[in-house]
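Asker: Residues per chain, in single letters:
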Amino acid sequence: MVVVYWILVMANAAGWGTLVAGWVAVPVVGLAGSLVAPKASRPVFSVTTGAVLGWAALLALDARAPGFRAFLDVLGGLLPVRPLVVAAATLGLALVLALGAAMTGAAFRRNDP
Amino acid sequence: MPRFLQAAVGVLVLAVGVAASVRPIGVLPPLGAQLEPGGGVWALGRAASPAADRIVTDAAFTDDVKVITDDRGVPHIYAAKELDAYRALGFVVARDRLFQLEVQTRAAAGTLAELVGPRALALDRDARRLGFGRLVERTMREADTTSPAFQSVKAYAEGVNAWIDAMGPADLPIEYRLLGRRPARWAPSHTYFLLARMALTLAYNDASLIKAKAAARVGWPAAEALFPIIAPIQEPIQPNTIDSTRFGFVPIPPPGAPDSMVAAAIGALDGAHRTLGSFLRWTGDEALGSNNWAVAPTRSASRHALLAGDPHLELTLPSVWYQAHLVVGDRLDVAGVTIPGAPWVVIGFNRHLAWSMTNTGSDVNDFYRETVDDSTHPSRYLLDGAWKPLELRVETYRAPDGRILAVDTLRFSHRGPLWKVDSTWMSMAWTLYQGGSNGTEFLGIDRATSAAEFLESSASYAVPAQNMIVADQRGTIAIRSTGRYPVRPGPGRGDLIQDGSSAANDWVGTLPVEFYPFALNPARGFLSSANQQPVDPTVNPRFMGANWYSPWRAIRINTLLRADSQVTVDAMRRFQTDPGSARADLFVPALLRVGTDSMRMMASPRAGEALRLLTAWNRQYDVENTGPVLFEAVMAELGRRVWDELAPALARPGSDEAVTPRPAEAILLGLMADSANVWWDDRRTPVTERRDDILVASLAAGLDSAIARHGPAGNERWCWGNAHHANIYHLLHLPALSALDLPVQSGPSTLSPSSGDGTHGASWRMVVELGPQVTGWATYPGGQSGNPASTHYRDFLPAWLAGRLDSLIVPRTAESFPAGRIEGRTTFRKGR
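The listed protein sequences derive, respectively, from chains V and X.
Counting from 2, one number per residue, gives the positions in the first sequence under my numbering.
Counting from -10, one number per residue, gives the positions in the second sequence under my numbering.
So that you can see chain V by itself, here it is in the shape it has in the complex (with noise of 0.2 angstroms):
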């Protein structure tokens, strides 16, 4: 349950750091959460996890905007792979960059009890 919640927690930390902060936010909320989040968090996991879920979620926002459409076609115009591809580098741009936040707050967390 305790793991549950800190994802959504960072997932809400992550999508709206991102709106107001870009895509910086995702590496410092990363390194934050592990810092704070409980062990029974297990926080390398739920920070990383909630900070793809936020930016799943942005790109569900981005995608119900009525140009959103026309704009998959002229990525898949101009990019040498599908629209689902570049879907995919968004959330693992994301994964790497929590993923490593996360891992180096862990690794300086205080000696949890």
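Don't take every hint at face value.
Which residues of chain V face chain X? A few of them, derived with a C-beta cut under 7 angstroms, are [to be verified]: (1) Gly23; (2) Asp63; (3) Ala66; (4) Pro67; (5) Gly78; (6) Leu79; (7) Val97; (8) Leu98.
In short, the hints are calculated from the structure, not lab data.
All residues carry an ideal CB built from backbone N, CA and C; glycine is no exception.
With the hints as your guide, set chain X onto chain V.
Answerer: What follows is chain X alone, placed relative to chain V:
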């Protein structure tokens, strides 16, 4: 995992993620800002609907302005003060076309490399050598900053910058994302750079080089006849006394001995053109061209004047035009197209009149061979026996990161910029260097209430010279070739290189407006222009240019208008994409006559087959027609065979020397009547040919060439719509953002001419009926938005391709705007 190892792995993974986010990877821009949802590329879908209701508070505005965007993406701006209207226009143009604004301006200013990197350095150098920077600096220095024209430019700039300030992360156009750049702020000088660029596109017409090349190969007498200053077919803009096409073919002297005296001139001119390089591309005279015409009430079915506007330009996505409707109380109510970057409606209509333009194509630039004090680094030039100082100007080219890519020193005489061409220093005089249009004329045109006011307002218009046509509600129609025309000393010709060491060769003034080609309410009840020689030299022999476009389109327009005494709006629309061709109507019968010689035809079954196919052709360029493919192939073969004397004997393929000066096809038509003229002989063959030999050979070779290119005769690949396409490229030539291989009902010399590569064509089609309520219909190839994800990126294309026009709504007030046509509202309020 040990902590230190976990920390090391974490830092490494984080470093990889951050590096990929902030640094480019190969051709990929930094991924962080690109991929982040909410603000990266994913948000472009949201930015595709920018017209959603919003309130903008900006200190630049002095009063409330309401902007309603209609369902075609066209803004209707309702303001109490004129400058606020221009601010709002700047805002919405920037919202829809921000990247276009910047890239067009940088292209003119020679600062593209600062946006896209060193690959644009050569383009930048070409642009700066033209001296636009010096010109715009002078314009800004001398501008009356309190004048309404300058104030409108300034207000427009404030509007553009208001959008840049109000932009959210999602609003950054995709091109900036791909380049990893941010938009630069807009300044009033950018508008003047843009106007200079338009002058370059439309008012740079140098006939000297092509004629000199011809003279070097076949002597001056033949060159003068092949590239005449008097077009051999006269269908002038200012109606002549006979009110019909006048054929005035003159005998073409036989090819003479090559004139070695002009070789040096050619080298110099060639070099000058190379120096101006990328800007000057001769694309052929039958593929390009704009049209406009007006019909008096006496010849219209509704008994109201009608006007058609059909300017042709390079086709781009987004379009060169941006449609808008501006209303300021009772003082201004104008609709039509603006050039993104300038605040005025350039072609359009108001509550009283409508107007349009075609390019005059007059010769307004001359080259001078200069004598300088130092062949490498001159600082003075010789004029009337005295050394005059050259103006030196250091130009620095920078990369996006500010690094210096190159430094040039430009030199200017009193005439204009100097360039070293091989060992010769050449200067160029150009009417643009005397000062371009500052917008005053358009402010007046947009507000004119009658054709007379229109003519008065446009009288001071300078560059590029335009055939301005107008029709008003009172039934007046008029046309005037308006612009600055140099008056030259001596015989007054501008198609020869002049000696720069004598001030006596300088221009002695400009033509007064009362001498401009002009017509008002002609008895025939209509007026038209299609880039042809504006005045029949039998009426007015004054030199205005040389090597004029063949008047095929003018003949076709006037044929259609003469045949219809009850012209309707729908007929005007149909005429704009009329598939008929005066060129085909005149050449095909001449080709068919050779078929009467049965003996000759029996000797060439291929030519016989070609003749059979041409006989069956109705001389129309509609998309299903298979005839144009063969006709165009035969005409290409014919030109190659007839003008072989003009081809260089020894030249590297693809080099400048390999370019064959090709006379206008009107010259070739004149030659058709002279079957034994020595120009018919193809000197590359051992026998001496006469006209019919060449026609037969061209027919056979044309058929073979068409079959080689499109398969067996008459198959579906021969359909014009499959064989010839319009290609509308995105500004960065990205295929995914372009509209390519579009089947179009048009071809060389039709009213909607289409260049060989399909990159030029009708840029704005408009028909206006000047009834009690002025009503307009129009379209252009593209759409209002520069965002490829927007439904307005290319939503006008289907109508443009089909030759349809959209009905334009122009409500007088925001309150009377039909609710069903509203896509979004933006309200501007004065703020801190």
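Asker: With reference to the structure, classify each hint as holding or not holding.
Answerer: Do the hints match the structure? See the list:
1. Of the supplied interface hints, the one on glycine 23(V) holds, with its beta-carbon coming within about 6 angstroms of a beta-carbon of chain X, less than 7 angstroms.
2. A cut of 7 angstroms between beta carbons decides the hint on aspartate 63(V): the least distance to chain X is about 4 angstroms, and the hint holds.
3. Taking 7 angstroms as the C-beta cut-off, the interface hint given for alanine 66(V) holds, the closest approach to chain X being about 4 angstroms.
4. Interface restraint check for proline 67(V): the shortest CB-CB distance to chain X comes to about 5 angstroms, inside 7 angstroms, so the restraint holds.
5. For glycine 78(V), the interface hint holds, since its Cβ comes within 7 angstroms of a Cβ in chain X; the closest pair sits about 3 angstroms apart.
6. The beta carbon of leucine 79(V) is positioned within 7 angstroms of a beta carbon in chain X (closest approach about 5 angstroms), and the interface hint is therefore held.
7. Satisfaction of the interface hint for valine 97(V) is found here, the shortest Cβ-Cβ separation to chain X being roughly 4 angstroms, below the 7 angstroms cut-off.
8. Hint on leucine 98(V) holds. Least Cβ distance to chain X is approximately 4 angstroms, under the 7 angstroms limit.
Violation of the numbered hints given earlier is absent; every hint is satisfied by the structure.
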